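Please model the complete structure; the sequences and the hints are all you need to start from.
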Amino acid sequence: MISAEPLLSGVVATLAAGVMPNLAEAEQRRLAEQQPQIARFRLQGNLEPMHHAVALVSLEGPEHLVPLAEAIEQRAEDFERAAQTMVNNSDTTPEERQEQRRVLDESYEQVVATIPPFVVAARAYLNGDPTSR
Numbered sequence: 035m036i037s038a039e040p041l042l043s044g045v046v047a048t049l050a051a052g053v054m055p056n057l058a059e060a061e062q063r064r065l066a067e068q069q070p071q072i073a074r075f076r077l078q079g080n081l082e083p084m085h086h087a088v089a090l091v092s093l094e095g096p097e098h099l100v101p102l103a104e105a106i107e108q109r110a111e112d113f114e115r116a117a118q119t120m121v122n123n124s125d126t127t128p129e130e131r132q133e134q135r136r137v138l139d140e141s142y143e144q145v146v147a148t149i150p151p152f153v154v155a156a157r158a159y160l161n162g163d164p165t166s167r
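Its first residue numbered 35, the sequence shown is counted upward by one per residue in my numbering.
If you are wondering where the hints come from, they were derived from the structure by calculation, not from laboratory data.
These numbers were taken from a predicted model, which means no experiment stands behind them.
Where is the CB? At the ideal position from N, CA and C, for every residue including glycine.
Simulated DEER-style distance windows between Cβ atoms:
| id | residue 1 | residue 2 | range |
| --- | --- | --- | --- |
| 1 | R135 | R157 | 27 to 37 angstroms |
| 2 | E129 | D163 | 47 to 57 angstroms |
| 3 | R136 | P164 | 41 to 51 angstroms |
| 4 | A89 | S124 | 29 to 39 angstroms |
| 5 | H86 | V146 | 15 to 25 angstroms |
| 6 | N80 | E140 | 15 to 25 angstroms |
| 7 | P96 | R135 | 30 to 40 angstroms |
Encoded structure:
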């Protein structure tokens with residue numbers, strides 16, 4: 035059996051590496067005027083390392099981190115869907131674009147909000163905090 039601590043360290047790194055660059059790129063795009071740039075906004079394929087990391091957490095544990103990792107995955111998928119909606123619906127009214135933008139911004143904030151609880155819990159587990167087991 036594989037020791038959970040080294041595996042979990044790798045999973046934390048993979049989750050951060052898989053999600054954070056996408057978020058940084060998204061934040062840059064969010065701050066820029068989205069007209070021509072948003073048409074090039076694609077996350078497809080970039081979430082695969084995160085999906086793999088979540089699967090490892092689900093299979094290897096620790097059990098209490100599984101819902102936190104799955105929450106990151108779900109919010110990242112929601113964000114990807116919101117971004118794709120904006121890309122695929124370029125012929126919408128200004129009001130519809132504004133609503134799509136609101137959904138995208140909300141999705142982004144939800145992804146960002148799910149990362150710290152996972153990182154704190156994983157760090158506590160890896161540091162041997164008895165309350166995290």
